[in-house]
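Novice: Chains as they are written, first to last, in this note's numbering: chain F, 30 to 503; chain A, 4 to 214.
Just so you know, these hints were derived from the structure itself, not from any lab. Heads up, some of the hints might be wrong.
[Claimed, not checked] Okay, the calculated bits of chain A under chain F, using three or more residues with CB under 8 angstroms as the criterion:
#	segment
1	121-135
2	142-155
3	200-210
The beta-carbon is built from N, C-alpha and C at its ideal position, and this holds for glycine as well.
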Amino acid sequence: MFKFNINVFALSIFITLFFSSISILQAEDKKTNTNINIIPVGDATLEREKISIIPPFIDSSLSSKSNINANLSKLLDGFQSLFLNDFAFYQNKFLVPNYKELSLTGDKYNLPHLFYSPNYELWRQKKSDFLIHVKGVNAKNSLKIIILAYDVKKAKQIYQNTLFVTESNYRKEGHKVANDIYKLITGKESIFTSQIVFVSDRGSVYAKGEVTKELYIMDFDGHNTTKLTNHQGVVISPMISKDKNLILYSLIRNIKGKKKNVDLYLLDLKSQTTRPISTLEGINSGAVFLPDGENIALTLSQNGNADIFIMNINSKQLRQITKHPSEDVDPSISHDGKLMAFLSGRPGRAMIYVCDPSGIEKDVRRVSYVGEFHATPRFSPDGQEIVFSSWVDNNFDIFRIDTEGKVLHRLTKNFGSCEEPSFSSDNQFIVFSSKRSITRKTIVQDLYIMDRDGEIIGAITHNIGNCTSPRWSN
Amino acid sequence: MVSLPKMTLQELKDQDLTSNPTQPKENEQANKDLKVPTEKKEEEVKAADKDKVIEELSKKNAHIAEKEANKHEQDNKNQGNKKTLDELDRLIVSGNKLNKGTQTEKSARELNENERILSMLDSYGQTIGESVHNYWKLPKYLLNKNLKCRIRIYLSKRGDLLKFDLFESSNNKEFDQKAIEAIKSASPFTNPPSEIIDNIRSGELILGFPL
Numbered sequence: 030m031f032k033f034n035i036n037v038f039a040l041s042i043f044i045t046l047f048f049s050s051i052s053i054l055q056a057e058d059k060k061t062n063t064n065i066n067i068i069p070v071g072d073a074t075l076e077r078e079k080i081s082i083i084p085p086f087i088d089s090s091l092s093s094k095s096n097i098n099a100n101l102s103k104l105l106d107g108f109q110s111l112f113l114n115d116f117a118f119y120q121n122k123f124l125v126p127n128y129k130e131l132s133l134t135g136d137k138y139n140l141p142h143l144f145y146s147p148n149y150e151l152w153r154q155k156k157s158d159f160l161i162h163v164k165g166v167n168a169k170n171s172l173k174i175i176i177l178a179y180d181v182k183k184a185k186q187i188y189q190n191t192l193f194v195t196e197s198n199y200r201k202e203g204h205k206v207a208n209d210i211y212k213l214i215t216g217k218e219s220i221f222t223s224q225i226v227f228v229s230d231r232g233s234v235y236a237k238g239e240v241t242k243e244l245y246i247m248d249f250d251g252h253n254t255t256k257l258t259n260h261q262g263v264v265i266s267p268m269i270s271k272d273k274n275l276i277l278y279s280l281i282r283n284i285k286g287k288k289k290n291v292d293l294y295l296l297d298l299k300s301q302t303t304r305p306i307s308t309l310e311g312i313n314s315g316a317v318f319l320p321d322g323e324n325i326a327l328t329l330s331q332n333g334n335a336d337i338f339i340m341n342i343n344s345k346q347l348r349q350i351t352k353h354p355s356e357d358v359d360p361s362i363s364h365d366g367k368l369m370a371f372l373s374g375r376p377g378r379a380m381i382y383v384c385d386p387s388g389i390e391k392d393v394r395r396v397s398y399v400g401e402f403h404a405t406p407r408f409s410p411d412g413q414e415i416v417f418s419s420w421v422d423n424n425f426d427i428f429r430i431d432t433e434g435k436v437l438h439r440l441t442k443n444f445g446s447c448e449e450p451s452f453s454s455d456n457q458f459i460v461f462s463s464k465r466s467i468t469r470k471t472i473v474q475d476l477y478i479m480d481r482d483g484e485i486i487g488a489i490t491h492n493i494g495n496c497t498s499p500r501w502s503n
Numbered sequence: 004m005v006s007l008p009k010m011t012l013q014e015l016k017d018q019d020l021t022s023n024p025t026q027p028k029e030n031e032q033a034n035k036d037l038k039v040p041t042e043k044k045e046e047e048v049k050a051a052d053k054d055k056v057i058e059e060l061s062k063k064n065a066h067i068a069e070k071e072a073n074k075h076e077q078d079n080k081n082q083g084n085k086k087t088l089d090e091l092d093r094l095i096v097s098g099n100k101l102n103k104g105t106q107t108e109k110s111a112r113e114l115n116e117n118e119r120i121l122s123m124l125d126s127y128g129q130t131i132g133e134s135v136h137n138y139w140k141l142p143k144y145l146l147n148k149n150l151k152c153r154i155r156i157y158l159s160k161r162g163d164l165l166k167f168d169l170f171e172s173s174n175n176k177e178f179d180q181k182a183i184e185a186i187k188s189a190s191p192f193t194n195p196p197s198e199i200i201d202n203i204r205s206g207e208l209i210l211g212f213p214l
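All chains should be modelled from the sequences, with the hints used to inform the complete structure.
Specialist: Shown next as structure tokens:
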């Protein structure tokens, strides 16, 4: 009996010890707190600010049915559409719902509850971040427009402006206001007030051999196309200055008795004057402004071989930058003037190089290695990348490479022959020409805009001849 | 580079999104590292992170690991064999830890209670994850960059955000900030069940962006 008791006793001690050891384990667990629950939130969605552009409010002074008022209402509509289109360009930054998507009740124009301070709660429910409201008032038969912008999250007005607009100035004024609001929201300049210079063969009769290409300018959105030259020759390689007052371009013209030459001209938009600034023998083309605005880089072939020079447009003094028996053409200067990208035939086929334009053949470095041949290398505004076209699969397509030559991206494919890309000044968009065959005999060449990653936004020219050589201004 | 790229940047991005979501990609690389040493530093770093995760998971209750594995399988439709292999690896690894066991009656009861609490914590965590996802937005230049961070959250008994800390940074300040903003915008969260109040207050929930 006693023996048995001892065993039971021993067993109970063992059990107690076992229990306590278990509790120690548990306590230890708590201390190190190994209970971690990792919850995956999943992939993020693209962040876009929603800008609701409320249908314009028309003051009662405009609503009577007179001719003038009908025109003014149309003008107001045009102003409204301009806002919608401008902000919609930045499709990666903004979501701009159209009228239907806003799902506002009531008549399109008269929504009295929006006339005064907006109902922020209502707009918060609609998940809108910003509101833009345009109101029209008849002011002695011209249209007075009041533009108001609101920040829904902060529940306050952020912009107010009053304009007197006419048919001829409403776009310019509208783009300025849109840019003001864009700057308030993002802190950056937009493309809304920019222009694009380009060349078009409009009016040419190819069958008769009467091909003329003239210089044109238009707003970035394709409106207000204006013809700038009437040389009856062939204009090539236009370039606009930083202050938008000067345009460089080259002209190929057949003058009887004279040898065909490619001369460089300067158009002063302010004084409406044109003057030749380089008429050396051979090629004087591909001119681009240096940051100082007084010097230009251009391709000259006076020595029989195409090389790149820097020229002062006033003194005409020349300084040679490239000196190589092969052809060196198409200069592009980075925004700070420290690098020059150009096209060179030195490796046996046209490849992209960069160099230091402060000397001759200084720090020349090859950037591109692949491809059959390239054309028109252009720097991005931040100088980090070069966009160019390249011959691939019987067509030109547009590519983007970093200045070091390490990362190469293809931007266009199956979109006709895409050439002559030019960056917008905010680094977000690229304008280019795309040529496609409609029938075996007819081709169509229009200008298109895509974002920097190759997403096509749309055509900006239509039915105004074959358009090429676009250059985007500030 | 032997020739010009055949695919455009847009095409490559679309391809990335449909066939290679970040989750399986990371798992694949972790697998590779466990079995075969890789050359790229990037992959090694990713695998190291993964090792850490597996280590953490191995300390968890086997029941929870199983639940998570099941949930991942449900969430991701593009499942390769490698992914399931990783699930099994994790299950095996987590099953190899010291199980509390059913040696005594008292322990068995505790185990069930623990299981219950952890599964409640898990489902509450899921609702928080979904809620934060609605506010989880990035500007274009931060998307598709394979960045990831983890934020540990501490909640009150009512579901208010008491505090948070950066459990794992993405090394991109803006990315981390966007994640924190998403959590702040989504809070306060719904009332948690009373049983898990201690757990959520002591930071047992960690939100992974994206996982």
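Novice: Look at each hint and say if it fits the structure.
Specialist: Taking the hints in turn, this is what the structure says about them:
no. : hint    : result
1   : 121-135 : holds (count 8)
2   : 142-155 : holds (count 5)
3   : 200-210 : holds (count 6)
In this structure, none of the earlier numbered hints is contradicted; all agree with it.
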